[in-house]
Amino acid sequence: DTGVSQNPRHKITKRGQNVTFRCDPISEHNRLYWYRQTLGQGPEFLTYFQNEAQLEKSRLLSDRFSAERPKGSFSTLEIQRTEQGDSAMYLCASSLGSANTGELFFGEGSRLTVL
Amino acid sequence: QQQVKQSPQSLIVQKGGISIINCAYENTAFDYFPWYQQFPGKGPALLIAIRPDVSEKKEGRFTISFNKSAKQFSLHIMDSQPGDSATYFCAAAENNDMRFGAGTRLTVKP
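Chains as they are written, first to last, in this note's numbering: chain Z, 638 to 752; chain E, 148 to 257.
Chain E on its own, in the form it takes in the complex (with noise of 0.2 Å):
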């Protein structure tokens, strides 16, 4: 059912640096492509989303890069904060059909 695959499992970086998860898709009838966040014990929440008529998309700190061609898309978190600290995941979907990458455990060291 992984039609999404997302890389890297997990990740460190420095406060302030930059994080950066990749993700890949393989069904071309995805149209909506979500990143969502995940503290522990709580419920994923939408972070970002794109369509694929456009190859960027900032909110604040968080940019979204998209490559139609490549059918690969990317999430980016500028000066990364402790409070980042989470697991996030890709998605995309076609309808009511979302499917979700398996995560990546980003920890921002102080």
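In isolation and in its complexed conformation, chain Z is listed as follows (with noise of 0.2 Å):
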């Protein structure tokens, strides 16, 4: 399987607890991206990264998120000390040029579920 992989695709945790979700692109793809889907919205976008460096991170929803490129290969998101508003969709996408000059291709998303 060539496409955009993520794990894991259900995670269900205690408010306060910490997550990490991880994201594979594919292989030859140096743009990696980080959204957030909730019920009956689009996709809200949350950081990128070109190769190991992140170029926006403003857009984060709260300190508590935080997204690793270490080697500009796969990534991770973590969320510390969840909250119940945590539960959503998140969606990784990766792309060979910036996301204005071709097609995003999206995983198939890890759902969070905060109890």
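Derived by calculation from the structure, the hints in this document are not laboratory data. No experiment lies behind these values; they were computed from the predicted model shown. Heads up, a few of these hints could be off.
[To be verified] For the chain Z half of the interface with chain E, some residues (derived, Cβ under 7 Å), not all of them:
#1 F702
#2 S735
#3 E745
#4 G746
Think of the CB as a built atom: it goes at the ideal place given N, C-alpha and C, for glycine as much as any other residue.
Put the two chains together into one complex, using the hints given.
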């Protein structure tokens, strides 16, 4: 499978716990994006990387959210001290060029439920 | 953050009919306007896209109409099929900043 892979697909956690999601992009893609999608809404941009550099992180929802892409390949999104409002689908996408030059390839998402 | 407004929220059409979804944007710096299709349990997938230097783009049964002066664009699905039933998102991008509309849930009845 050469598409974008996300793990885990589903995560149920208790309020206050930390969670981490992993994204493996298409191998030759140098750009990687994280989005959040809540029920009935479109994807909401969180952050993006070009290779290992995080070039936009001002839209991370709070300082409880952080993302890394240590070697310019896979990426992780961590949410600390989860809250019920964090329940959503977290989508990862990758692209070869910038978002306005071509297709973003999305993974199937990681669904978070915070009890 | 929502700079792209999409309507309607939901749409029901008969098989063979035309589905029309509309979007409006605010930021004139956007220079790429894609439509994404999402099936339940899947991530969005690119359907068709347009740049503001053209007014229309057609790919098979799918057409984007673009009105730069009005800052509006629309997706037309001709001869709609039950397999087209999905959620459709318009989007607008400037560099690596892509903003999505809230989505339209399309149901095509056989």
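Hint check results:
Because the beta carbon of F702 of chain Z sits about 14 Å from the nearest beta carbon in chain E, more than 7 Å, this interface hint is broken. Nearest Cβ of chain E to the Cβ of S735 of chain Z: about 5 Å, under the 7 Å cut. The hint holds. The closest approach between the C-beta of E745 of chain Z and any C-beta of chain E is roughly 5 Å, which is under the 7 Å cut-off, so the hint is satisfied. With a cut of 7 Å, the hint placing G746 of chain Z at the interface with chain E holds, because the nearest CB-to-CB distance is about 6 Å.
Of the hints listed earlier, the one the structure fails to meet is number 1.
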